[in-house]
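Enquirer: Listed below are the residues making up each chain.
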Amino acid sequence: MRATLRRITLVVWIGVAPVAVSEDLASVIHASFSDSGQATLMRLEQDPLQQRCSQPRDERVDDDIAMALRQERLNAVVFPEDGNFLGDWQRGAAVAASGRGLQSNDDPSIANGGNCYACHQLAPTEVAYGTLGPSLTQYGLRGQSEAMLRYTWTKLWDTHAFNLCSHMPRFGAQKILTEQQLKDVMAFLLDPNSSVNQPAEGPSSAH
Amino acid sequence: MRRQSDDAMTLYRFVMMIPRWWLLLMVVPALADEGIFDQYRDLMGDDNPAIFVIEEGEEFWVQSQGPSAATLEACDLGLGTGVTRGAYAQFPRYFADTDRVMDIETRLLYCMETLQGRDREVIAAKPYSLRGDFGTELEALVTWLAAESEGMIIAPEQAHPKERAMYAMGEEIFFYRAGPHDFSCATCHEQSNKRIRLQQLPNLTEHTEVAEAYGSWPAYRMSQGLVRTMGWRLQDCFRQQRWPGLIFGSEVSIALQTYMAVNAAGGVMTAPGLKR
Amino acid sequence: MAGRIKIRAQKKGELTEVKALMRHPMETGMRKDQAGESIPAHFITEVAVLHGDHTVMQAHWGAAVSANPFLGVRFQGGQAGDAVRVVWTDNQGGTGEGETTIR
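Protein chains in written order, with the working numbering: chain A, 1 to 207; chain B, 1 to 276; chain C, 1 to 103.
Calculated directly from the structure, the hints in this document are not laboratory data. Only a predicted model underlies this, so the values are computations on that prediction, with no experimental measurement involved. A portion of the hints provided could be inaccurate.
[What the hints assert, rightly or not] Facing chain B, a subset of chain A residues (Cβ under 10 Å, in silico): (1) 37; (2) 39; (3) 50; (4) 53; (5) 104; (6) 106; (7) 174.
All C-beta atoms in this analysis are idealised placements derived from N, C-alpha and C, irrespective of residue type, glycine included.
Isolated chain A, as found in the complex (with noise of 0.2 Å):
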């Protein structure tokens, strides 16, 4: 709302005073950073989803472009091809413990991690977990039925098949993580002798 009405005053006085808002944005972007260590300038050119997602949670709309977009990430999405979904629930765990990956520090030849806990609370004994996103402690309790396992692979690959302009990375889509990676948080998920599907005790388990 207060966004909002900041805008129209905005209107308002670039109708008196003409200023350039969006037009030179791109460019200004661009001469603001500079290429440093494996991240570079090509990552702030804008694919159509993060185009159509660069704007405030509650001016989104859900249109016919919408649906057209998130049909098209839903058809998108690459299954394994050997059709087994599930790794190692332990490498899973490593996986989404480590936030190491992708940043200009960080060393390419070492494997990205998923940084789960930065935004989700997943093994009940972990306390430093973020709440960005909702608690997956004792996900494995849905099962894994073929429909789970598709669902499941789908969010992680990328979420904007269900949920567009979700703040969560694309981990499949975008190639932050490898297949196997992929399989092993399902498997940390799903595996009901995984960490996260282990009852909650004690005053850790209160969120």
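Following the hints, complete the assembly by docking chains B and C onto the known chain A.
Expert: Relative to chain A, chains B and C alone:
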């Protein structure tokens, strides 16, 4: 140099060094870092290691430097030549002599160049200290100038069309998603009551929260052992967003500071702050 | 060359409160530089706070203390105008000291 998981580990190790706080953590494990750091702040009392950096900044202001062998005392920070009291609170602002909107850091660089004859490229090449360094001149000056505005109302100028354009651009950049993780500033800072790991995130679109956040920078960062400026904080955000390197004194840096300062307008400067 | 220390000492009721910021890299010896070479350990091993000739605090420090250590000490007694000193030695034989008067 530091990653998100390193931040969490540093915090964890710090907390574990203090036995009674570890007990606290076991009793209320979901306690976000704010509670623990409130206790640390109480222990510190009114003081903050930044008090010494303030002194250094004041020394740099009156120190004769550069080919012109001049001090910075003739620098105009928007309130007239040499007026430092209250100046920081009104940044970023338009300056007629450069015909552009400047933040405190770019303005200081301008004064170093024009008053002292120093090479801006040399200073801009390393404006911020690396971990373990002793703090740069720029960091010290910004800390002192922030202290000169302590307790004052945040009131960035928005009378000039370029100032308003800078705000509008800052808002667009704030929501601009890019990079392999599709991160914008908004990814982390457009909602209230959220945290990354145990670090609470201020909602920079909401007045009270952005006023508290913006007004407490520059700040002594315990994990860095140094006072860090808002310009440094933006640079580090972009690194964590998987974006390329933010250029010191760039339009994006000034635009985002303008966006935050205007959203914070009416709040109170509490800097230099004390942060994890 | 003696290292820099900035000190403040203030009377607070019956106590004197001393705060000091020491400039020191406090290298643990575990870090490696860009070339992969180990950065040698360089940290403060002894630090003391003196009120006149009287040592009010002495500590053994090590690699666990972070760079540019900030020290706060409160002791009984001390009057405005008294001298307070902070001194340190490090593992490479370096020393630092700073002095102030109680306000």
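Enquirer: Does each hint hold? Answer for all of them.
Expert: Okay, the hints, checked on the actual structure:
no. : hint : result
1   : 37   : 8 Å, holds
2   : 39   : 4 Å, holds
3   : 50   : 4 Å, holds
4   : 53   : 5 Å, holds
5   : 104  : 5 Å, holds
6   : 106  : 7 Å, holds
7   : 174  : 5 Å, holds
The structure meets every hint from the earlier list without exception.
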